[in-house]
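Each residue of the sequence shown is one higher than the one before, counting from 24 in my numbering.
Simulated from the structure, these hints should not be mistaken for laboratory data.
C-beta atoms are modelled at their ideal positions from N, C-alpha and C, and glycine is treated no differently.
Careful, some of the hints might be misleading.
To be verified - DSS-like cross-link-like pairs, simulated, lysine-lysine; straight-line CA separation at most 30 Å:
#1 K204 <-> K149
#2 K172 <-> K204
#3 K86 <-> K161
#4 K160 <-> K170
#5 K161 <-> K204
To be verified - Have a look at the derived ranges for each label pair, beta carbon to beta carbon:
#6 G217 <-> S157: 16 to 22 Å
#7 P101 <-> N252: 17 to 23 Å
#8 E245 <-> T99: 20 to 26 Å
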Amino acid sequence: MDNETVQAIAKATESIAPSINGATGTIKKFVDSPLEEIGGLVADSLRRKRILNWVKFQPKLKKYMVEAGVTEVRATIPSRVEYDLIEAITREDDDELQNLWAQLTTNIINPNTPIDDYGWQIALLKQLSPLEISILKKIVFAPKGMKEKYGGGFPTGLLPEDFPEVDPNGGGEEKLPKAPKNVELAIWHLIGLGCVVDASAFNDGDQIFWINTTKLGRELIESCELRYNSR
Numbered sequence: 024m025d026n027e028t029v030q031a032i033a034k035a036t037e038s039i040a041p042s043i044n045g046a047t048g049t050i051k052k053f054v055d056s057p058l059e060e061i062g063g064l065v066a067d068s069l070r071r072k073r074i075l076n077w078v079k080f081q082p083k084l085k086k087y088m089v090e091a092g093v094t095e096v097r098a099t100i101p102s103r104v105e106y107d108l109i110e111a112i113t114r115e116d117d118d119e120l121q122n123l124w125a126q127l128t129t130n131i132i133n134p135n136t137p138i139d140d141y142g143w144q145i146a147l148l149k150q151l152s153p154l155e156i157s158i159l160k161k162i163v164f165a166p167k168g169m170k171e172k173y174g175g176g177f178p179t180g181l182l183p184e185d186f187p188e189v190d191p192n193g194g195g196e197e198k199l200p201k202a203p204k205n206v207e208l209a210i211w212h213l214i215g216l217g218c219v220v221d222a223s224a225f226n227d228g229d230q231i232f233w234i235n236t237t238k239l240g241r242e243l244i245e246s247c248e249l250r251y252n253s254r
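Required output: the full structure, derived from the provided sequences and hints.
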């Protein structure tokens with residue numbers, strides 16, 4: 024990309040929101056200095072799409088910072104967390120996942136939230152697709168009592184949109200709707216990552232009828248929920 028295009032992109036982002044004062048470090052530069060960030064990306068020979076991903080992401084981050092009441096950025100963030108976070112953000116172009124990254128980033132840079140080690144959340148989140156996130160959020164945020172209604176697990180057949188009606192008198196898994204192949208494979212991937220477990224009474228290694236979230240899966244989704252500063 025030529026220098027003129029870089030300048031145009033930078034100029035378009037400079038008026039998105041007021042800069043955040045009183046912070047230091049790489050994240051500070053990313054929040055406040057779009058031209059400096061874009062120049063850095065170009066200098067590192069990253070592709071135009073990653074630059075555009077950052078331009079698309081930045082207003083989401085600023086929106087959640089305002090919503091959470093974040094007016095200053097945490098002064099010290101471990102370098103490996105910063106670098107992994109920036110790399111993941113600039114590679115993501117899906118709107119839903121960008122919103123999730125923006126909320127997680129807001130929590131990380133908020134000096135009033137506990138300074139946890141966010142390395143595992145970043146490593147895990149960047150392995151998940153929009154479909155896998157939708158499945159995980161559907162069962163993590165299921166209404167209270169839903170799990171007990173189904174006898175301790177969540178049926179997979181209509182995920183991520185809904186849960187099917189289940190015969191209170193039983194009748195076996197053969198009466199449950201079967202998930203389409205893309206949902207099946209997404210669930211297997213979530214199992215492999217440790218985010219959900221198979222809760223089926225019988226599993227032949229092919230179809231999974233019931234799943235439950237693990238502590239890892241719940242903590243991942245909850246860590247991406249915006250943490251508000253008191254006003």
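Hint by hint, here is what the structure shows:
1. K204 <-> K149: Since the Cα atoms of K204 and K149 sit roughly 22 Å apart, the hinted pair holds (cutoff 30 Å).
2. K172 <-> K204: Satisfied, since the Cα-Cα distance of roughly 26 Å is no more than 30 Å.
3. K86 <-> K161: Answer holds: K86 to K161 is near 24 Å, not above 30 Å.
4. K160 <-> K170: Holds. K160 to K170 sits at ~14 Å (cutoff 30 Å).
5. K161 <-> K204: holds (18 Å)
6. G217 <-> S157: 16 to 22 Å: At 18 Å between Cβs, range holds.
7. P101 <-> N252: 17 to 23 Å: Check passed, 22 Å falls within 17 to 23 Å.
8. E245 <-> T99: 20 to 26 Å: Check passed, 24 Å falls within 20 to 26 Å.
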